[in-house]
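Chains as they are written, first to last, in our numbering: chain A, 1 to 293; chain B, 1 to 411; chain C, 1 to 343.
Hints in this document: simulated from the structure, not taken from any laboratory.
Mixed in with the good hints there might be a few duds.
List of simulated lysine-lysine pairs, DSS-like, C-alpha gap at most 30 Å [claimed, not checked]:
| # | chain 1 | residue 1 | chain 2 | residue 2 |
| --- | --- | --- | --- | --- |
| 1 | B | K164 | B | K146 |
| 2 | C | K339 | A | K116 |
| 3 | A | K116 | C | K2 |
| 4 | B | K272 | B | K164 |
| 5 | C | K45 | B | K124 |
| 6 | B | K146 | B | K272 |
This is what each chain is made of:
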Amino acid sequence: MTDLANRRPIGQKIVIWFFVLCWIIVAGFPFLWTMWGSFKVQGDFFSKADWTYALQGVRTQAETGAAFTGDGYFGAWVTKAFWHAALNTTIVVVSVVIISLSLGTLGGYALARSGKKYAFYLLMLALVFRAMPHITLVSGYLLPFFEWNLWGHLPTAIIVMVAINQPFTLWMLHSFFLNIPKDLDESAMVDGCTRFQAFRRVIVPVMWPGVITTGLFSFLLAYNDFTVTATLLSQSNQTMVPKIASFLGTTQTEGNVMFAVAAVVSATVPLFLLVMFFQRQIVSGLTAGAVKG
Amino acid sequence: MFLNKITLAGAFMALGTTAMAGCGISSGNVKILSNDFPAIQSVTAAASTCAGGGVTVEANLTKDHKDIMVAALTANPAQYTSVIASNSTLVTLMNDGLVRSLDALVAKHGDGLNPSQMITVDGKIMAVAFGANAQHLFSRSDILKKAGVNSIPETYEDVLAAAKAIKSAGLMDYPVALNTAAGWNLGEEFVNMYMGTGADFFKPGTAEVAVNNDHGVATLNMLKSLVAYSNPDYLTYDSNATQAEWEAGNLALATMWGTRGGAVLDDEGSTKAVSSNTVLTGAPTWGNNARPASTLWWDGIAISANISDEDAEATFIAMMKGISSDVIQANNSDTVWLGAGYMPSAASAGVSATAAAGAAPYPMLPFMGTLHGALGAEISDFLQGSESAEQALADVEAAYTAAATEKGFLN
Amino acid sequence: MKNHTFFWFILPSLVTMMLFIAMPIGSVFIQSLHIEHGAVLTEVKNCGPFGCKMEVQVDVEATSELKKAKPLGKFNGFGTYNNRNHLAVVELSQAWNDSTNWGTYFRKIYNLPFYRALAFTLTYTFVVTPLVLMLGFCIALGVNSLPKNIKGPTIFVSLLPMIVTPLIGSLILFWMIDAEGILGASLQWLLEDPNLSLKASPNLTWVMLIVYGVWHSAPFAFIIFYAGLQTVPADTIEAAMIDGASRWERTRYVVVPHLVPLIVFITLIQLMDNFRVFEPIVSFSAQANATSLSWIIFNDLAGGEGSFFGSAGATSVLTILGVAVLLIPVLFRTWRDFKGKVV
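Input sequences plus hints: build the corresponding full structure.
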C-alpha cells in the first residue's frame, strides 16, 4: 500500500499502536520470561512458593551466591552434550527442507500445470493424507522399521518427515506455481525445450520466493517435530526436541529441569537469525503464492 | 560422529584399565531399553563399563520406553537385548513371549544375587529385580504438632482427621496431596486404595472385572474425602508436581513414591524447615483392614527372547555388573536396592515399612494394565462431583470390557 | 501437460506419500477391523521380592499358534467402531430409551468417551479457527501500518508463539498459569478471587486451551495475511479514496475481497490442524476436563500399559472422516476454481 493510503488521523494511529503493542506483549512475554528464568535455579523459576522469587532470585542467591547463574546453559551444552543434538537437528532439518522442496517443486509444478481431473483428485487425496494423525502413522512404522533394522537412524526420520510434510508442501507450492504465468514455460516449449528443460531454465529462476516460504514451514515442522523424532530415533541420534524432553526425564531431577529451559532458549536463537535473514523473502514469497489462489 | 557417547566413554575406560574391564565378556552386543530415572541411570552407566574389545554397550533411557518396547523386541533379532522392566511391563512383554527364561544364566553368573531378587513365573526366572518402590506417607511433624496432632497418622481416617485439624487451625488450606493427575497416576491411586480393602480386582481365574461393588464405592469415597483437602488443581498433580509442592512447604501430608524420599530429604530445592521435619512412614491402612493401601513395585532386568544366546549371556553379565554391590554402595540413596550391599536409610524407611506391614505387590495380571487405563480415565468425573460413585464404576467396567475384548482377554 | 510428463514430475512425491502415508492408512484401516485372538489363560505361581501368589497368565505357546495362522487377529468387522469406547451404538440407543428429556440424553451421551472428545474437538475447532483468522488479520493490518524500521523485530516477536516448540512452550505456560505462577497469580489479583485456578474447573480449562490455541496459531494467519496485504493493488485503494470511501469501507470492499483466496487457505489448514488438537491437552494435563479425538488415539497408543492398535486405528479412521466432512465446503470452492482454470 502506498503512503497515501497509510495516512490516517492521530486517534486511529494511537489505537493501532496500542493494539500492536498489546499483541507484542502477549506474543513475546512468555518467551522473555523464559529467557530471564533460564538464568535462575529451578527453585526460583518454577517456584511453588511465590512467583516473585523468579524476579528476585531468592533461591538462586542462596544456592549459587549470585542473582544470575549460567548453570543451566553449562549443564545442557557441556555436561549433557546438547551440541550433539543440535548437530543432529541441523542434519535433519537441512535434509528435510532440501528433499521436501525438491520433491514438492516437481510435484507442485505438475499439479499447477495439469488441467486434468486426476490432478484435482490428487490434491484432494493429499488433503486426506494430511488429515491422518501423525501418531497413528508413526506407531504403524515401528514394527517394520525394527524388522528391517531401519529404526533409530537419522535418514529414516528424515524420509518420514519429508513424506508426512509432502501434502502441505504440494498444496503450498501448487498455489505458487499457479501464479507464475503459463506463457513463460509454454513459450520456452514452443522454442523447442522439453517440459523439464522449460521448468529448469524458465521456472526455476523465478520460483524462489515461493520456495523459500514453503521452506520456512518445512523448516519449522522438522525443527519442532516431537512425535516422529521421539519415537523413531535412538538415544545417540536424538535431535534437540526429544533431547530437551529427556532433560525432564520421567522423574525430574533437581537442576535438570533448568537444562531444559536453557536448551529451549538456545534452540530459539537459530530461528531468530533465520527470520531476520529471510524476513523480506518470506513476505515476498507468500505474496507471490496463495494470494491470487 | 554418531557413535554413542556412552560407548565411547566405556571404550576409553576399558583402554585405561584392562581390555575387559573386569566384566569377563569377550564379545557380544548389549543394548538396553529402559525408563529414565536416577537408579536406572546408575545401573546402565555401570553396565556400560563392560564395553570394549568385542563388546558394545548401548542404552536408550526414555520416558516413552513403553511405546516402542513391544515392537522393538518383536523384531528378530530384537533391537534391544535387555529391557528394564517392572511388575506391569514384564507382563506386557510376557503376553507376547518376548523375554526369555533366565534360569541357566542365573545359575551360571548369578552368584551374588539374593533369592528374593528372582521374579519367577510358573517356576521360571523371568527377571532379576534390583530396586523396590511403593507409595507411602510423607508427613511434616512440625505442622502436625502445631495442629495438635501428636502422632504420625497410621490410617487414612487419621490422615483425614489430621488434615481437618491443620485446616481448622488455619495452618494450611490444602494440606493433603496424592498423585492424582488424571490418567495413569489417578488409576494408580485407585489401585492402591482398593488394595487396602483386601478385595480382588477380578473374579478369580478370569479376566472379568470385579471392582464395581461396595469396596469400589468405599474406595472412591475415601479418595474423594482426601482430595477435598487437596489443592483444587489436584487432577494435574503428577509425582513431579507433588514433590515440588512438598519442597515448597505447601503440604503437610502426602502419599508419594518412595524414590522421591532421597530428593525430599536433601537440602537442595527446599528449606531446612521442610526437609528436617519431613517424616517418611509406611502407607496408611483404612477401613479396619490390615493391609496397607499401597502396591509394591520392583524394577528388574529382563532379557529379550529374539536374540542370540551369546548376546543374551553378554547382556546378563553386563547387567549383573550394573546391579553389583559396588554400584549399590555408590548410589545407595537412588532407590531401595534389593541386592547385597544396600544400607537402609531414612529415605527408604517408608518403603520398607510398607513392605513389612504386608502390602501386596502390584498384580502381575495380563489385563491389569487395561483396567488401570480405564480407571485413570473414568473416575475423575466422580471426584469432581459430576456423577455418582456407582455410575463411575459402571463406566470403568464398560470401558474395561470394551478394551479387554479388543485385547482378546474377554470374549 | 501430457499425462506421462505429469507422471514423471509427480512420481517422487507420490512414491513417498504412498509408502509412508497411504500404505499405513490402509494397514491401519485393516487393523481396525480386527481384534486380538482370544488369549488362553492359565493360573500359575508368581514369586518375587514380596512373596508368592497364584496369578492368571497368558499361555503364550497356546496363543502363538493362533497368532501364526492369522497374524492380524480375529476379524471383527466394524465391531471396534461400534463399541462403547467409540461410536457406542448400543449405549446411544439405550440412553435414548432411558431418557425422558433432551437434557438427560445429552448428559448420558457426554459420559461416553468418544462423544465427550468430539464435543471438545468441535468446540475448539469452531472457536479457534475464526478467532485465529480475525486476530491474524488485525495484527497484519496493525503491523502493516508501522514505520519500516520497527517492522522487522515486530514480525519476529509476532512469530514467536508459532515457532517455539509447542511441547516445551506449553510446559512453561503450564507453570506460568499455575495458581502460584506469574499469570495465575496476576489473574487472581486482577479478579480479586484468591481461589481462582485455571487448571481446576472444566470451563476455565476449556477457555485456557482455546486461548492457547489462538495464541499459538495466530502468527500463522498473521504472516500469510501480512504478505497478502503487500499485494493489494495501490491504484484500486487510491481510486476508492478518491471516491470518498472511508477507511472501513476500503478495508471491507477492497482489501478483504482481495484476500479471499488466502482466507480459504488458512481456513483449510486451521480446520484440519485444530481438529487434530492434542499437544496442549497433554502439556496442560487437561485430560480430566478436556479430551480430543487425537488425544484418544494418543492414549490408546502411548497412555498406559500395552497399545490398542485396533482402537487407535478406528479413531484415526473416524478422524479422517471428520476432517473430510469439515472440509467439504472448502473443497467445493477449490473444485470451482479448478474447473475455472481448465480452459
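Status of the hints after comparison with the structure:
no.	hint	result
1	B:K164 to B:K146	holds (13 Å)
2	C:K339 to A:K116	holds (10 Å)
3	A:K116 to C:K2	holds (9 Å)
4	B:K272 to B:K164	holds (25 Å)
5	C:K45 to B:K124	holds (10 Å)
6	B:K146 to B:K272	holds (17 Å)
In the structure shown, no violation is registered for any of the earlier numbered hints.
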